[in-house]
Amino acid sequence: MSLSQFAEIILPLPLEGTFTYILPEKKKVSVGVRVVVPFGKKKIYTGIVSYIHGKIPQDYQPKEILDILDHESIINETQLSFFRWMSDYYMCSLGEVMNAALPAALKLSSESFVGLNPHVDPEKANVEESERALLHVLKIHDLSVKEVGEFLNLKHPQKRIKKLAEGGFIDLFEQVKDKYQPRKVKRIRIKDFWLEGNHLELLLAKLESKPKQQDILLSYLREIPILENSKNNEKGILKSTLLKDDLSAHSLKTLIRNEILEEWEENISRINQDTNKRDTAEVTLSHEQEIALHDLRETLTTQPTTLFHGITGSGKTEIYICLIKEQLKRGNQVLYLLPEIALTTQIIKRLQRLFGNTFGVYHSRYSDNERVEVWRKVLTGDFQFVVGVRSAVFLPFSNLGLIVVDEEHEPSYKQYEPAPRYHARDAAIYLSILHKSNAILGTATPSLESYKNALDGKYGLVQLAKRFGDAYEPEITYANIRKERKQNTLKGNFSSELINAIEQSLEKKEQIIIFQNRRGYAAYITCDHCATIPKCANCAVSLTYHQFNNKLICHYCGYNQAMYSDCLHCGSKELRPVGFGTEELEEELKLIFPQAIIKRMDLDTTRSKYSYQRIIESLENQEIDILVGTQMVSKGFDFDKVNLVGIFDTDRIIHFPNFRSYERAYQLITQVSGRAGRKSKHGKVIIQTNDPQQQLLRIINDNNYFSFYKLEIKDRERFHYPPFTRLITITFKHRDKKTSFQAANFFYHEISKRLTNQRMIGPVEPIVGKIRTFYLHEITLKMAKQGVNLPATKKYLKSVALFMQTLPSFRSVGVVFDVDPV
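Under numbering that gives the first Met the number 0, read the sequence shown as residues 0 to 821, first letter to last.
Mixed in with the good hints there might be a few duds.
What the hints assert, rightly or not - In silico DSS-like links for lysine-lysine, alpha-carbon gap of 25 Å or less: (1) 348 to 608; (2) 209 to 243; (3) 41 to 138; (4) 752 to 784; (5) 161 to 42; (6) 252 to 238; (7) 328 to 348.
Said to hold, decoys possible - Simulated restraints, written as ranges between beta carbons of each label pair: (8) 811 to 398: 43 to 53 Å; (9) 367 to 398: 20 to 30 Å; (10) 534 to 737: 14 to 24 Å; (11) 789 to 30: 45 to 55 Å; (12) 608 to 502: 35 to 45 Å; (13) 122 to 157: 20 to 30 Å.
These are computed hints drawn from the structure, not numbers from a lab. For every residue, glycine included, the Cβ atom is placed at its ideal position computed from N, Cα and C.
Sequences and hints are given; from them, build the entire structure.
Set out below in structure tokens:
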């Protein structure tokens, strides 16, 4: 038997390992191509060839591969190694990694089709006339279920199909359809015959009696100078361009039918490739930036991963650009990771001025087809440089020279649902190891893990402690909300100090950012008569009131209901909003400053594809006076005229029940504060709080990260949290609360038998104990960094979960592993 007789296929399923299939004879199959394979009795899936071998499976008879979809590999060997690492490290299946990695349009969909039973004669079939007509059509070609419904004029044709199938008249089968559709445009050109001799001159004379057709031909000749050079005819003209001057489409059809003109379709890129708008000027660096750039070059020669700690406004992006240019000159690829789409908008504009549109952009607001095109351009080498969010780590790079992880501290780099629950920063570091390249982790507020790794010598450390140019660090002051509440000087949720500062900024034609890390109008609605608070039907949370659409919405599952005027429990009209979000602040500002132009940037206002871009451009063009937003506004934006930042709900951020709450609060407040005074003026930040004397706020005021690090690292070590331990959270999900708890309890007692030296918390109900109708219970493992065989422990945990799910009581319990939760 040939050594290349079998292939291991990765299928997009939450099942362990790969699946063995027989290679088709006389067909070339290589690792990394997509194939169509049968699975189970009726299903068909698109899989990826993981490797090829000659070992015959002993315990089952493998099936044959049905079809090969690619001539060339769409996934390379380095990617496959990356997939395997991600599967092992984040405790998920290879299929789940494949699902996350591939753009949806590269994962072919399986659709049910109907075909005529080859032994059936439609004329002799004992069926209704409409069904007989259907059988005649099926004799010619197969139809999808949807097409059968259209033919029979039935919205739900399943019953009719079932009847015909049970009667033996038709066969049902699955067919795989390619979701990717290239963008096509129609082009027009003159048939070659008319370019010979004096044929064109004679044709124009002949068409004098048909002025509409002659107008089309003359318009073509004006646009395409074929009389100067007949080769200009090859490319032709866009059909839409030819008809733009209200020329007759009917006459154009006639010219095509008479073989004077010809029409054809051309595949075009969805990605703008205009490279003319390019600024070739070099980036100008300050003295401090030059030193940081030199230090980065030096450090990266000995430390492949380096933490670049530069304060907000210090000009880290310009340094990244210099390093990116160096890598591109060497012929290497570069990946520039950003935590959120909002941030890519402004960065991309800056990069386009320097690189044109010769780089790719990869994020979830791109359509599936656009993402496929970026994937293929990286695969072919047309894109050597990509800017993207976390999913860009999966792109098919072949020779990465540098990965920049900007704002490395951001929790947005963590994938929560579905698996793999990976952290893009950590995945990028491993990817750089696979490519034997460099990774730069850039931030003004490093994560404690990264900073400790740098201090311990695992990462390099380069610091930039001065703002770029003449920019000053902002002045931070604290507005005592508790005191103002007693003195009755609050206007809505605004302190008198912040109101006065906004007035002064508006008078100076300066811009203001208001930060509140909660969207909606109110946190919840309560009845003052019976204290009823409307809850989500699917989750254990109260519903958030959104005034713009007058709805109560769950931010976990999307459940919503119309806002009511009378309490649904007691009928009282005494309904009161509690807490406040970005919507309420926007409304209050419009009442206090009616002349100001006020906009909001949160999830509700940025759902469409270009909504981020429009808001950011409006702020840049000074078409907005005050921008109210959630953490989106805390990212690395650079706005010349923003000189005041107001920060709300500080105490809730600081005291949120999570071991990272101090770290998150420090990062968020520092990052938002950094938006003020980016140029030559002193910016001002006003933080509203009930306790201005809190230790964390004093440290933020000093802008001393190392002081914060020393404060926080002691508690982390004392209570055995990262960076001193590794965390794995195991969540148990079931629609019955008792079953969920029993499963968690069973699992806890099973692993306690072996993991006697590990710290375990649980089983406990999380803060939100029910999401999407599933009750949740959690166990958290705190594993020491030293003396623990982490791969073996993970393997053991998965084996216990598999064993537990073989028991009848727990067969339907979902088990979710989250490695390195944030």
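query = So which of the earlier hints does this model not fit?
reply = 11
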